[in-house]
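**Q** Just so we're aligned, residue 4 is where the sequence shown starts under the working numbering, counting upward by one.
Fair warning: there could be bad hints in the mix.
[Said to hold, decoys possible] Below 25 Å or equal to it, Euclidean Cα-Cα: the simulated PhoX-like pairs (lysine-lysine) are:
{"id": "1", "residue 1": "167", "residue 2": "88"}
{"id": "2", "residue 1": "251", "residue 2": "131"}
{"id": "3", "residue 1": "268", "residue 2": "167"}
FYI, nobody ran anything at the bench for these hints, they're computed from the structure.
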Amino acid sequence: MPFQRLLALLALAAASAASAQCLSPEQVSALAERYTARQPAADFAAPLSDADGACTRQRLNALLAARLGPVIGYKAGLTNPAVQKRFNTDQPVWGVLYSGMIQPSGFATAANFGARPLFEADMLVRVKDAAIHQARTPAEVLQHIDQVIPFIELPDLTVQTPGKLNGAGVAAINVGARLGVAGTPIDVPATRGERYRLLDGLEQMQVQLTNDQGQLLAQGRGSDILGHPLNAVVWLAQALQKDGITLKAGDLLSLGSFSPLLPPKPGVGVTADYLGLPGAQPVKVQFQ
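Generate the whole structure from the sequences, applying the supplied hints.
**A** Quick look at the structure:
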């Protein structure tokens with residue numbers, strides 16, 4: 004990228020983030036370079052505030068958009084209390100998903116697909132219309148999405164020592180968005196009774212990660228994400244709206260982790276099963 008173009012992108016992001024203390028343009032540029040090279044970036048010198056994290060994410064995303072292409076959706080992170088505890092926070096964060104990040108079930112990738120690669124059981128939904136910003140309950144969310152999609156996310160925590168990140172630091176690195184593997188979509192049913200079955204299934208389902216030998220690697224419940232997975236949509240839609248972002252039909256939303264974050268191992272395949280969710284098929288990824 005020409006240096007003048009890089010400075011222009013950083014200046015644009017800085018103009019709307021001037022009220023907060025961001026990482027410097029040089030630090031953000033270095034972070035983007037290391038992300039692109041799949042090499043660990045330097046740890047942040049000190050824990051970031053929420054404002055620091057938000058404006059750093061904005062500056063980073065200005066650079067990532069120029070490299071990665073169109074936005075295809077957004078992700079909620081730290082929606083599971085157990086994962087929040089790991090990063091010393093009590094609230095979710097959000098990031099941006101770009102073209103090419105979502106791959107089909109059965110996708111094979113190197114185990115070192117990122118600087119600090121991990122995997123987790125997750126879920127996507129597809130937005131039907133912008134009225135999703137007015138949804139306040141899982142039932143209302145269901146009126147404004149048209150698909151629920153089993154999903155193994157492959158995040159990359161990017162920095163040299165991920166354990167030093169707090170919640171704002173996770174936001175600053177775009178919530179580690181790198182890759183993910185999407186399974187067979189479940190269409191949101193038209194009838195009221197079937198919708199209630201889907202709502203109950205999402206809350207009550209057992210989500211399991213297993214390896215090629217069928218050994219259980221991790222598990223969780225639907226309710227582990229904010230009491231109900233679709234509550235993550237409520238939170239994310241409101242958070243994006245506060246930042247001036249309006250969701251549109253076709254946007255994909257990643258809801259967060261049902262399982263602990265686990266490191267991939269070469270030669271190991273991983274399957275996520277959503278037991279008790281009507282119509283759910285397993286989703287698989289292979290690490291090389």
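**Q** Evaluate each hint against the coordinates.
**A** To see whether the hints hold, each was checked on the structure:
1. 167 with 88: Roughly 13 Å separates the two Cα atoms, so the pair holds.
2. 251 with 131: holds (7 Å)
3. 268 with 167: Answer holds: residue 268 to residue 167 is near 23 Å, not above 25 Å.
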